[in-house]
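As you go down the protein sequences, you meet chains A and B in turn. Sequential numbering of the first sequence, starting at 0, is according to numbering that gives the first Met the number 0. Sequential numbering of the second sequence, starting at 0, is according to numbering that gives the first Met the number 0.
Hints listed in this document are in silico derivations from the structure and should not be mistaken for laboratory results. Accuracy of the hints is not assured; some may be wrong.
In silico EDC-like pairs for lysine to aspartate or glutamate, Cα to Cα no more than 20 Å straight-line [claimed, not checked]:
id: 1; chain 1: A; residue 1: Lys-111; chain 2: B; residue 2: Glu-81
id: 2; chain 1: B; residue 1: Lys-53; chain 2: A; residue 2: Glu-133
id: 3; chain 1: B; residue 1: Lys-56; chain 2: B; residue 2: Glu-81
All values reported here derive from a predicted model rather than from experimental measurement.
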Amino acid sequence: MTGNLLLAALVGAVCYLDRTAAFQMMLHRPLLVASIMGAVFGDLAAGAQVGAVLELLYIVRLPVGASIPPDDTGAAVFGGAAAAVASSSIGLDGGSFTSILLLSVPCAELGKFADRYVRRVNGRIARLTVDSVERGDSEAVRHGLLAGLVLFGAAGALLSLLFAGLGVSLSGYLLPRFGPESREQFSILLPAIPLLGAASVFSCSRTEKTAPLFYLTMTAVFAVTLFFRWAG
Amino acid sequence: MAGTGSRVLRSVWLRQFLLQGCWNYEGMQNVGFAYCMLPALRELYGESPEELLKALKRHLEFFNTHPTMAGVILGATVRLEERVASGETDPRAIGTFKVGLMGSLGAIGDSFFWGALKPMASVAGAILSLVHPLLGIAALLLLYNVSHLVIRYRGFTAGVQGEESAVQFLRGANLSTKTEDCKLLAAVLGGAYAGVLGSGTAWMVGGPAEVAGLFLVFALLIHLFSIFLRKAVSPSEVLLFLLIVGVLILR
């Protein structure tokens, strides 16, 4: 398990770098991160199931200017690890799935707080860089950027280690303490969570044209898929 | 006029992927921008360390735009620095140019990439992951990165050709129309996502009356959530509320 956690930290660091500091190629998106974490802890499909729901939950919060959205990458590290471990122990039933999704919220908020802290420390690095250039050191720019990247990467690795560890602990020790009946009660909330994701997409794509289109498609797809389920 | 070689331009283009490497609240992308410009500045002012330091200080001033749109500004700034190095332009023109463009390009980029393309790619990925996780991931990455990389490359190339080419590129890219199109597609896919997941739950309920009732409940719930989200309630707050409800159910 230590090897898995270290691998999670390493992969997590790359995903976190993509989030702000480098690339911005969507390698930090929950669907991808949770699937990778699922694979690291033994079940890619279980991780992907959690990732697909997390993918849309926070999409409405845009990283515009100085605002930092909740850390859905961290939530996916937690969720992917927890889902894979649950799947190989108690099974990824509705209750476990719901509790993993809901308990990923503190990770998303903690990750946001850590991101803000890293950016504050980067402010000191940037000031030092400017001072060094004024003293005649042109290499300071390269060193300043490298320091910022290392800081973002190290914070990402630490957060990934923490969140993956929490995910493994949740599914390995906490969830099995609740019986299948308790978990079944908890699963009543499950349908509401993907609907929050759909509402998130609806909110950020909403214009006069798109609002009716959203509900029309929802109705049509609901009816057609239900027909095929009944027919098949 | 002093020119910048293709090797240096390639280096500047590649470095734009690290523009936010030292993102901070005071100068935002200032260190990243100076880092991106460094190979070009070294080539232009390599024989005059004082001029090199002056140029670096120019680029360590506040800078913030959408990272994908920065390619246009970077390319055009390289061209402007060439003119400054050959004495054709006043160095202050660079600051004016950057400040003039970063706000509007930031707004266009945020609206297109964060507000339309990302939700569209995400919801497509989420739907296709129901078929196979790898299909969903591939769709997400492809749908986003094709536009992302093309705009980074073409924007930089247009910028290097001069300010007029940059403006022409931005007009030709027609991002406001593409934003509308992506939002439309995101709404359709979002509706499909809600429909598929809703029918999955409704299937287990029973008769047509219950199914119709459940569909209405789902549609109302989405509408209610979207009102909350528009009123700046965080998704985390909604989820924490659900968590509290869940804990109360357990008791």
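Status of each hint after checking the structure:
At most 20 Å may separate the alpha-carbon atoms for a hinted pair to count; Lys-111 of chain A and Glu-81 of chain B exceed this at roughly 41 Å. For the proposed pair Lys-53 of chain B and Glu-133 of chain A, the alpha carbon gap of about 9 Å is at most 20 Å, so the pair holds. Under the criterion of a C-alpha separation no larger than 20 Å, the hint pairing Lys-56 of chain B with Glu-81 of chain B is consistent with the structure, at around 16 Å.
Going through the hint list in order, the structure does not satisfy hint 1, though it satisfies all others.
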